[in-house]
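Numbering (my numbering), first residue to last: 26 to 175.
Careful, some of the hints might be misleading.
[What the hints assert, rightly or not] Okay, derived cross-link-like pairs now, DSS-like style, lysine-lysine, Cα gap no bigger than 30 Å in a straight line:
1. K119 with K147
2. K87 with K66
3. K147 with K137
4. K169 with K87
5. K85 with K137
6. K66 with K147
7. K169 with K147
8. K85 with K147
9. K137 with K119
10. K85 with K169
11. K169 with K66
12. K137 with K87
13. K169 with K137
14. K119 with K169
15. K119 with K85
[Said to hold, decoys possible] Here are the simulated distance ranges between beta carbons:
16. A69 with S141: 36 to 44 Å
17. S141 with A100: 34 to 42 Å
18. Q72 with D160: 35 to 43 Å
19. L65 with Y120: 37 to 45 Å
20. T71 with A114: 32 to 40 Å
21. F135 with A100: 19 to 27 Å
22. V63 with G128: 15 to 23 Å
23. D160 with N131: 20 to 28 Å
Treat the hints as calculated values from the structure; they're not laboratory data.
Backbone N, C-alpha and C define an ideal beta-carbon position, used for all residues, glycine too.
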Amino acid sequence: MRRRFAVTLAAGALAVLAVPLAASPAAASEYNNWCPVVQLKGGAPTQTAYAHIEGDWATKYKLDPVVLLARDTYADGHNVGVRLITWQADGDVKYWSWHHYYGGDNGQDFWKSTASDTQGIKAAAVQGGVFEGSDLLASCVSSKMANPIW
Numbered sequence: 026m027r028r029r030f031a032v033t034l035a036a037g038a039l040a041v042l043a044v045p046l047a048a049s050p051a052a053a054s055e056y057n058n059w060c061p062v063v064q065l066k067g068g069a070p071t072q073t074a075y076a077h078i079e080g081d082w083a084t085k086y087k088l089d090p091v092v093l094l095a096r097d098t099y100a101d102g103h104n105v106g107v108r109l110i111t112w113q114a115d116g117d118v119k120y121w122s123w124h125h126y127y128g129g130d131n132g133q134d135f136w137k138s139t140a141s142d143t144q145g146i147k148a149a150a151v152q153g154g155v156f157e158g159s160d161l162l163a164s165c166v167s168s169k170m171a172n173p174i175w
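Construct the complete structure from the given sequences, taking the supplied hints into account.
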């Protein structure tokens, strides 16, 4: 009986400590989003690519780091790409450069960088695409996530 009480008390103490840590400003500044590219293949909707972003809101003007991932999920001979989309303080949209993966079905690549904009970054999203050469055939855009520092 005494052992069960001690274990319960210890678990309760850990839970009390975990709540402030989960609500810390650093936790609030993390950014994570994704989207699937869906195309009709054989008459059925099929996921052909996947785009993912992870990052930290460093300031009102910077995501640092930002990691973009492009995954090819369908054997169709096309390359896949991923890019960052940001919304500036005045509402203008900035489309960043595409990063392409050419390795084929069930493969992926990622790119780690930073994103800085003197006009501010009020929100961000990730865009994924399926390409024939440099021609965009299909794409997805994740939901827009606001920068919590603004």
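Outcome of the hint check:
1. K119 with K147: Given pair K119, K147 holds - Cα atoms ~11 Å apart, limit 30 Å.
2. K87 with K66: violated, 39 Å
3. K147 with K137: Answer holds: K147 to K137 is near 20 Å, not above 30 Å.
4. K169 with K87: Between K169 and K87 the Cα gap is close to 16 Å, so the pair holds against 30 Å.
5. K85 with K137: It holds: about 20 Å lies between the C-alpha atoms, which stays within 30 Å.
6. K66 with K147: This hinted pair is violated, its Cα atoms lying about 37 Å apart.
7. K169 with K147: holds, 10 Å
8. K85 with K147: holds, 7 Å
9. K137 with K119: This hinted pair holds, its Cα atoms lying about 19 Å apart.
10. K85 with K169: holds, 16 Å
11. K169 with K66: Distance of about 28 Å is within 30 Å: holds.
12. K137 with K87: Holds - the C-alpha atoms of K87 and K137 are around 14 Å apart, at most 30 Å.
13. K169 with K137: holds, 20 Å
14. K119 with K169: holds, 13 Å
15. K119 with K85: Cα-Cα ~15 Å, so holds.
16. A69 with S141: 36 to 44 Å: holds, 42 Å
17. S141 with A100: 34 to 42 Å: For S141 and A100 the Cβ distance comes to about 38 Å; the hint holds.
18. Q72 with D160: 35 to 43 Å: violated, 20 Å
19. L65 with Y120: 37 to 45 Å: violated, 25 Å
20. T71 with A114: 32 to 40 Å: Taking Cβ atoms as reference, T71 and A114 lie about 39 Å apart, which means the hint holds.
21. F135 with A100: 19 to 27 Å: holds, 21 Å
22. V63 with G128: 15 to 23 Å: holds, 21 Å
23. D160 with N131: 20 to 28 Å: Holds - the Cβ-Cβ distance for D160 and N131, about 23 Å, lies within 20 to 28 Å.
The earlier numbered hints that this structure contradicts are 2, 6, 18, 19.
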